[in-house]
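Q: Sequence:
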Amino acid sequence: MSFTVQYAPKKLSEILGQDEAIQKVRNFIANFKTAKKNALLLYGPAGCGKTSTAYAIASEFNYEILEVNASDFRNEEQLSKTIGSASRQQSLFNRQKLLLVDEVDGVSGTKDRGAIPALKDLIKNSSFPLIITANNPWDSKFSALRTACEMVEFKEPSHATVLEILKNVCTKENIIYEEKSLSQLARRVGGDIRGALIDIQTLTTNNQFTSASLEFLSDREKTDTIFNALMKIFKTTDANVARTAFDHLEEDLEDIQNWIDENMSKEYTKPMDIYRSYERISRADVFRGRIMNRQHWHFLAVISVLLSAGIALSKDEKYKQFILYSQPQRFLKMWRAKQKYAQRTAIAEKISKKTHCSTKVARERTLPYVQSMMKNKVMAEQLTNYFELNDDELAWLGK
Numbered sequence: 001m002s003f004t005v006q007y008a009p010k011k012l013s014e015i016l017g018q019d020e021a022i023q024k025v026r027n028f029i030a031n032f033k034t035a036k037k038n039a040l041l042l043y044g045p046a047g048c049g050k051t052s053t054a055y056a057i058a059s060e061f062n063y064e065i066l067e068v069n070a071s072d073f074r075n076e077e078q079l080s081k082t083i084g085s086a087s088r089q090q091s092l093f094n095r096q097k098l099l100l101v102d103e104v105d106g107v108s109g110t111k112d113r114g115a116i117p118a119l120k121d122l123i124k125n126s127s128f129p130l131i132i133t134a135n136n137p138w139d140s141k142f143s144a145l146r147t148a149c150e151m152v153e154f155k156e157p158s159h160a161t162v163l164e165i166l167k168n169v170c171t172k173e174n175i176i177y178e179e180k181s182l183s184q185l186a187r188r189v190g191g192d193i194r195g196a197l198i199d200i201q202t203l204t205t206n207n208q209f210t211s212a213s214l215e216f217l218s219d220r221e222k223t224d225t226i227f228n229a230l231m232k233i234f235k236t237t238d239a240n241v242a243r244t245a246f247d248h249l250e251e252d253l254e255d256i257q258n259w260i261d262e263n264m265s266k267e268y269t270k271p272m273d274i275y276r277s278y279e280r281i282s283r284a285d286v287f288r289g290r291i292m293n294r295q296h297w298h299f300l301a302v303i304s305v306l307l308s309a310g311i312a313l314s315k316d317e318k319y320k321q322f323i324l325y326s327q328p329q330r331f332l333k334m335w336r337a338k339q340k341y342a343q344r345t346a347i348a349e350k351i352s353k354k355t356h357c358s359t360k361v362a363r364e365r366t367l368p369y370v371q372s373m374m375k376n377k378v379m380a381e382q383l384t385n386y387f388e389l390n391d392d393e394l395a396w397l398g399k
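Just so we're aligned, residue 1 is where the sequence shown starts under this note's numbering, counting upward by one.
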């Protein structure tokens, strides 16, 4: 099970670092029947706990929650089909309802002109509390929505908060971790708790999280990781959402394509979905060739669309199962080669200091003889002491 699901807060008190926002949410739920507004607009950076708050309310107060994503409706008719009637009808089990409209940022200002007015009417006529989430609600297209809702800001969680959550997960999962490495991960995600949980689950190897684990994780802007970008592509059928997947990534498109190629067959299982996906990847390769041959760099935009919206729209419907995305094997082989080369260089540097020669000479001429002499136990002990070799270096020499 995904850590983001397994360790999702079950109570509002379990949402850390958002005390002021949570108090406003509690007040809204407690006074809903007499409140002037029927909806909350929770806004803040990605992964800070907005959606988790809605589900924590449902869990804590035994509410029936009905969720729609902004990409699921485009006008009044679609909105009515997905959530409109539910906003006026009592639950079959006589439970209170909570309506959640998640990621309203996915509504565009042109194609979805009817979506915001329809949502505003829904807020006005709903018999149940409604929660809307957004990363950035200050776009002019949301002006009517801001007026209709009580706005609650979720701030970026601090490094200490993210670290506390990661430590708790590691303890429960029996993951052995280096304090410094876990702290670096907590800083690197920039307050994105969801991204941190995805990273710790993906990068943990043999129940260990060390500095070597971080080698797999490239520097990135706080709002996105390559893992989140893959989820945004594979888990949506909305072209507008998918096209934003690469907005905050520093990886080049060739690396992104390798990530998609590595994980696409794990995510897509229907033959036609797989066929259409690889067709889009092959088209991206064609345009990459045109860039290299003719220097037509404006084709980069075409490649980006093919790898984002093209892959997202290759499937007929969303796949609901959780997939643990993995590093492209080509990158893994390169990393292992780099680690092996670094170990050889470190040994060569120690040999060069003792034998008064350059590192290059030590690596090319002396190291092979040292490696051969290490097969003799007595000689191995003497060389270990003389060159001051550590356990990792001895293991490398013993291969």
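Note that these hints are calculated values from the structure, not bench results. Beta carbons: idealized from backbone N, C-alpha and C, even for Gly. A couple of the hints might just be wrong.
Simulated pairs of lysine-lysine, PhoX-like, Cα-Cα distance not exceeding 25 Å [as the list claims (entries may be wrong)]:
| # | residue 1 | residue 2 |
| --- | --- | --- |
| 1 | Lys33 | Lys97 |
| 2 | Lys320 | Lys353 |
| 3 | Lys36 | Lys24 |
| 4 | Lys11 | Lys24 |
| 5 | Lys36 | Lys97 |
| 6 | Lys353 | Lys375 |
| 7 | Lys36 | Lys141 |
| 8 | Lys318 | Lys235 |
| 9 | Lys155 | Lys167 |
| 10 | Lys24 | Lys155 |
With beta-carbon atoms standing in for the labels, derived distance ranges [what the hints assert, rightly or not]:
| # | residue 1 | residue 2 | range |
| --- | --- | --- | --- |
| 11 | Thr244 | Lys353 | 46 to 56 Å |
| 12 | Arg187 | Ser13 | 18 to 28 Å |
| 13 | Asn174 | Val286 | 39 to 49 Å |
| 14 | Ser358 | Arg187 | 33 to 43 Å |
| 15 | Lys353 | Lys180 | 48 to 58 Å |
| 16 | Gln96 | Tyr278 | 43 to 53 Å |
| 17 | Ile65 | Lys172 | 46 to 56 Å |
| 18 | Ile291 | Gln96 | 13 to 23 Å |
Q: Lysine 11 and lysine 24 were given as a pair; does the straight-line alpha-carbon distance stay at or below 25 Å?
A: Answer holds: lysine 11 to lysine 24 is near 15 Å, not above 25 Å.
Q: Compare the distance between the alpha carbons of lysine 318 and lysine 235 with 25 Å, and conclude whether the hinted pair is satisfied.
A: Roughly 6 Å between the alpha carbons, so the hint for lysine 318 and lysine 235 holds.
Q: Between the beta carbons of asparagine 174 and valine 286, is the distance compatible with 39 to 49 Å?
A: The hinted range 39 to 49 Å holds for asparagine 174 and valine 286, with Cβ atoms some 48 Å apart.
Q: Given the hinted pair lysine 36 and lysine 24, is their Cα-Cα distance within 25 Å?
A: Roughly 14 Å between the alpha carbons, so the hint for lysine 36 and lysine 24 holds.
Q: Do the alpha carbons of lysine 155 and lysine 167 lie within 25 Å of each other, as the hint requires?
A: holds, 21 Å
Q: Look at the Cβ atoms of threonine 244 and lysine 353 and judge whether their distance stays inside 46 to 56 Å.
A: holds, 52 Å
Q: Does the Cβ distance between arginine 187 and serine 13 fall inside 18 to 28 Å?
A: For serine 13 against arginine 187, whose Cβ atoms are near 26 Å apart, the range 18 to 28 Å holds.
Q: Mind checking the alpha carbons of lysine 33 and lysine 97 for me, to see if they're no more than 25 Å apart?
A: Distance ~13 Å between lysine 33 and lysine 97 Cα, so the pair holds.
Q: Starting from the range 13 to 23 Å, see whether the pair isoleucine 291 and glutamine 96 falls in it by beta-carbon distance.
A: Once the Cβ atoms are compared, 56 Å apart, the range 13 to 23 Å for glutamine 96 and isoleucine 291 is violated.
Q: Honestly, do glutamine 96 and tyrosine 278 meet the 43 to 53 Å range at C-beta?
A: holds, 47 Å
Q: Can you tell me whether the CB distance of lysine 353 to lysine 180 sits inside 48 to 58 Å?
A: violated, 28 Å
Q: Tell me if the straight-line CA distance from lysine 353 to lysine 375 falls inside 25 Å.
A: Holds, at roughly 23 Å.
In this structure, the hints that do not hold are numbers 2, 15, 17, 18, in rising order.
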